[in-house]
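**Q** Here is what each chain is made of, one letter per residue.
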Amino acid sequence: MKRSLFGRLWPNVTAVVLFVGFVFPVYWMFATAFKPTGDIISENPVWFPTHPTFEHFKTATHADHFWTFVTNSVTVTVLAVVFSLIIALAGSFALARVRFKGRRGFIVAFMLAQMAPWEVMIIAMYMIVRDASMLNSLVPLTLFYMMMILPFTLLTLRGFVAAVPKELEESAMVDGCTRAQAFRRVILPLLAPGLMSTSLFGFITAWNEFPLVLVLNKEAHAQTLPLWLSSFQTVFGDDWGATMAASSLFALPILILFVFLQRRAVSGLTAGAVKG
Amino acid sequence: MTVQTERPPSGPADARKADDGGPGGPTSRAASRAGALTPYLLLLPACAATVLLLGWPLLKDILLSFQNLNMAQLIQHVTEWNGIDNYKETLASEDFWRVTLRSIIFTAVNVVLVMVLGTLVGLLLARLGKRMRFTLMIGLVLAWAMPPVAATTVYQWLFAQRFGVVNWVLDKLGWHSMADYSWTSSQMSTFFVVTLLIVWMSIPFVAINLYAATTTIPDELYEAASLDGAGVWRSFTTVTMPFLRPFLYATTFLEIIWIFKAFTQVFTFNGGGPDRLTETLPVYAYIEGVGNQHYGMGAAIAVLTILILLGLTAYYLRVVLKQEEDEL
Chain A
1 MKRSLFGRLW
11 PNVTAVVLFV
21 GFVFPVYWMF
31 ATAFKPTGDI
41 ISENPVWFPT
51 HPTFEHFKTA
61 THADHFWTFV
71 TNSVTVTVLA
81 VVFSLIIALA
91 GSFALARVRF
101 KGRRGFIVAF
111 MLAQMAPWEV
121 MIIAMYMIVR
131 DASMLNSLVP
141 LTLFYMMMIL
151 PFTLLTLRGF
161 VAAVPKELEE
171 SAMVDGCTRA
181 QAFRRVILPL
191 LAPGLMSTSL
201 FGFITAWNEF
211 PLVLVLNKEA
221 HAQTLPLWLS
231 SFQTVFGDDW
241 GATMAASSLF
251 ALPILILFVF
261 LQRRAVSGLT
271 AGAVKG
Chain B
1 MTVQTERPPS
11 GPADARKADD
21 GGPGGPTSRA
31 ASRAGALTPY
41 LLLLPACAAT
51 VLLLGWPLLK
61 DILLSFQNLN
71 MAQLIQHVTE
81 WNGIDNYKET
91 LASEDFWRVT
101 LRSIIFTAVN
111 VVLVMVLGTL
121 VGLLLARLGK
131 RMRFTLMIGL
141 VLAWAMPPVA
151 ATTVYQWLFA
161 QRFGVVNWVL
171 DKLGWHSMAD
181 YSWTSSQMST
191 FFVVTLLIVW
201 MSIPFVAINL
211 YAATTTIPDE
221 LYEAASLDGA
231 GVWRSFTTVT
241 MPFLRPFLYA
251 TTFLEIIWIF
261 KAFTQVFTFN
271 GGGPDRLTET
281 LPVYAYIEGV
291 GNQHYGMGAA
301 IAVLTILILL
311 GLTAYYLRVV
321 LKQEEDEL
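Just so you know, the sequences run in chain order A and B. Position 2, counted from 1, in the first sequence is what UniProt numbering calls 2; the numbers after and before it change by one each time, with no gaps. Position 156, counted from 1, in the second sequence is what UniProt numbering calls 156; the numbers after and before it change by one each time, with no gaps.
Treat the hints as calculated values from the structure; they're not laboratory data. Even for Gly, the Cβ is constructed at its ideal location relative to N, Cα and C. Keep in mind that the hints are not guaranteed to be accurate.
[Said to hold, decoys possible] If you want the ones that stay clear, here's a sample from chain A, every Cβ over 10 Å from chain B, calculated:
1) N12
2) T32
3) P36
4) P52
5) F57
6) A63
7) F66
8) I87
9) A88
10) A163
11) S171
12) R185
13) F232
[As the list claims (entries may be wrong)] Restricting the straight-line Cα-Cα distance to at most 30 Å, the calculated cross-link-like pairs of lysine-lysine (DSSO-like) are:
14) K60(B) - K218(A)
15) K101(A) - K88(B)
16) K130(B) - K88(B)
17) K101(A) - K166(A)
18) K218(A) - K58(A)
19) K166(A) - K322(B)
[Unchecked claim] Per the computed footprint, the stretches of chain A lying under chain B, defined by three or more beta-carbons under 8 Å from a beta-carbon of chain B, are:
20) 89-98
21) 141-154
Given the sequences, and given the hints that come with them, work out the whole structure.
**A** This is how it looks when you write it as structure tokens:
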């Protein structure tokens with residue numbers, strides 16, 4: 001196919017412009033975090049951190065309770081992911097492998113659950129947690145985060161389980177394994193990559209969650225990083241360097257995970273819901 | 001088929017009827033019955049969690065919406081039922097309808113921008129060379145991956161009144177009145193930034209998935225089209241579009257649902273301000289309910305919002321299930 005110079009040029013030019021547009025906010029976050037304060041509050045923007053400093057990262061990590069927030073975020077996220085993986089694995093096995101009455105109904109119910117409007121249910125969740133005297137605790141947060149990622153985990157794992165050839169399992173059972181043994185020795189190792197990527201998406205959801213922790217946990221000892229970050233103006237005032245350093249620290253693990261997962265992101269995030 | 005509301009799936013109760021489950025052949029009656037029970041037992045934890053942690057809050061939301069529950073009742077732990085007063089008051093209030101209309105317009109503008117621009121970027125990805133495509137893909141993935149709270153913070157800095165880079169650029173481009181402009185000071189400017197933020201975050205999902213969908217179109221179709229004398233535009237409308245239509249349809253609904261219930265970006269950027277002029281329905285429910293401590297009212301607003309979302313979700317599931325009919 002022959003194309004004119006213009007025909008070859010404009011897609012590339014557009015792509016470069018778009019690339020800059022999409023990357024700039026992320027770049028600006030990191031750049032600001034590394035710039036000395038004098039370069040941040042200057043009348044003309046300093047485009048590159050030519051004199052990089054770790055000053056702002058120090059401010060951010062030395063802020064009150066910073067390590068409590070980190071510990072809380074990590075605890076809640078990891079526990080939620082692990083619990084939902086265990087529960088979902090059992091369920092996905094049933095949905096992928098066994099034909100039974102109501103199977104389709106279960107799948108539709110979990111698809112509906114996946115679309116649950118959590119942002120709008122926070123008042124009811126607040127009341128439930130308050131009536132149980134569990135405000136400012138990590139337990140309800142963990143349980144609800146687990147539930148937020150459970151339907152996605154279940155539906156995605158269903159696909160991964162279904163992709164493992166049934167013959168492998170059957171031949172293991174012919175060789176004398178029980179169904180449970182066949183599952184543990186044959187299917188589980190084959191599922192490892194699927195479990196990995198599914199749990200990472202669950203991790204991202206739980207790590208980023210904001211509305212629920214905003215309502216439930218008002219005391220610092222039970223807060224998580226997103227809540228801390230959202231209230232930066234009370235924390236840092238107008239210290240944009242420290243704010244961007246805090247944002248960078250919060251976003252970095254997710255950015256790394258996501259770039260790493262990008263290929264699976266395409267097929268995975270929609271959980272078989274949107275097919276190309 | 002129609003999609004019903006959250007149906008608490010009854011566990012083993014259904015199992016008695018199902019004796020066709022479980023491969024391996026019926027060796028004995030008891031064994032086959034145990035085999036038939038297995039799928040329900042495996043699903044039991046997931047169903048229990050769903051009923052308890054999702055069904056219960058939903059039900060609680062509905063119960064709360066029929067109660068007069070303000071700060072006083074909250075502190076004294078009393079339950080005062082007041083029938084449909086909360087709904088009457090909500091539906092009669094001008095504020096509610098203004099916020100609803102605002103939410104719909106906000107969602108419509110965002111979804112149209114996301115879908116149109118996302119599709120264009122996706123088609124561009126398909127047309128680019130390998131190296132350029134990879135580069136643009138990296139940019140898209142970075143924007144997609146940014147945690148919403150972090151992204152909102154960054155946009156606050158980009159659009160900061162003092163030392164914000166956007167105001168500097170606008171000033172240099174000759175729009176000098178923008179040099180010290182406060183983007184949080186008016187309804188329109190706040191919505192402008194929030195929309196830009198949401199569109200920036202949402203385009204990658206549409207674009208990358210759309211690009212992935214185009215790669216599944218068989219080349220033979222294009223060859224056949226060009227043999228039949230179709231030009232670029234005709235092969236686009238007769239081959240590309242019909243292939244992408246189901247995808248676009250489902251994605252549009254997904255975006256409508258996501259953007260309609262977007263809370264983090266709207267709330268974190270300006271807290272629904274100035275003067276509560278940028279509250280969308282989820283933010284309105286939060287501020288009325290938790291902020292102003294009219295929990296019953298907040299719950300009623302939430303239930304109405306959920307009803308709207310449920311309608312949208314049911315429609316989305318219909319689209320998706322129709323596509324997956326054979327796979328289920």
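**Q** Each hint should be assessed against the structure and marked as holding or not.
**A** For each hint, the structure was consulted:
1. Once the 10 Å rule is applied to beta carbons, N12(A) is inconsistent with being away from chain B; the minimum gap is 5 Å.
2. For T32(A), the requirement that its beta carbon stay farther than 10 Å from each beta carbon of chain B is not met, with the minimum near 7 Å.
3. In this structure P36(A) is separated from chain B by more than 10 Å, as the shortest Cβ-Cβ distance comes to about 14 Å.
4. Residue-level check passed: P52(A) sits 18 Å from the nearest beta carbon of chain B, beyond 10 Å.
5. Chain B leaves F57(A) outside its interface by the beta-carbon criterion, the shortest separation being 15 Å against a cut-off of 10 Å.
6. No beta-carbon of chain B is positioned within 10 Å of the beta-carbon of A63(A); the least distance is around 14 Å.
7. Every CB of chain B lies more than 10 Å from the CB of F66(A), the least distance being 15 Å, so the non-interface label holds.
8. A Cβ of chain B approaches the Cβ of I87(A) within 10 Å, the least distance being about 4 Å, so the stated non-interface status is violated.
9. A beta-carbon of chain B comes within 10 Å of the beta-carbon of A88(A); the shortest separation is about 6 Å.
10. Non-interface status of A163(A) relative to chain B is upheld: no Cβ of that chain comes within 10 Å, the nearest being about 13 Å off.
11. Consistency note on S171(A): stated as away from chain B, and its beta-carbon is indeed over 10 Å from all of that chain's, at 13 Å minimum.
12. Every C-beta of chain B lies more than 10 Å from that of R185(A), the closest at about 18 Å, which supports listing it as non-interface.
13. For F232(A), the non-interface assignment is contradicted: its Cβ lies about 6 Å from the closest Cβ of chain B, within the 10 Å cut-off.
14. Distance hint between K60(B) and K218(A) is fulfilled; the C-alpha atoms sit about 22 Å from each other, no more than 30 Å.
15. A distance of roughly 43 Å separates the Cα atoms of K101(A) and K88(B); the hinted pair therefore is violated under the 30 Å criterion.
16. A C-alpha spacing of about 59 Å is found between K130(B) and K88(B), which places the hinted pair above 30 Å, so the restraint is violated.
17. For the given pair, K101(A) sits about 20 Å from K166(A) by alpha-carbon distance, which is consistent with the 30 Å threshold.
18. Between K218(A) and K58(A) the CA atoms are separated by roughly 25 Å; this keeps the pair inside 30 Å, and the hint holds.
19. Restraint check for K166(A) and K322(B): satisfied, since their Cα atoms lie roughly 27 Å apart, inside the 30 Å limit.
20. Counting residues of the stretch 89-98 of chain A whose beta carbon lies closer than 8 Å to any beta carbon of chain B gives 6, which meets the minimum of three for the stated coverage.
21. Counting residues of the stretch 141-154 of chain A whose CB falls under 8 Å from any CB of chain B gives 7; the rule of at least 3 is met.
Violated hints, in rising order: 1, 2, 8, 9, 13, 15 and 16; the structure is consistent with all others.
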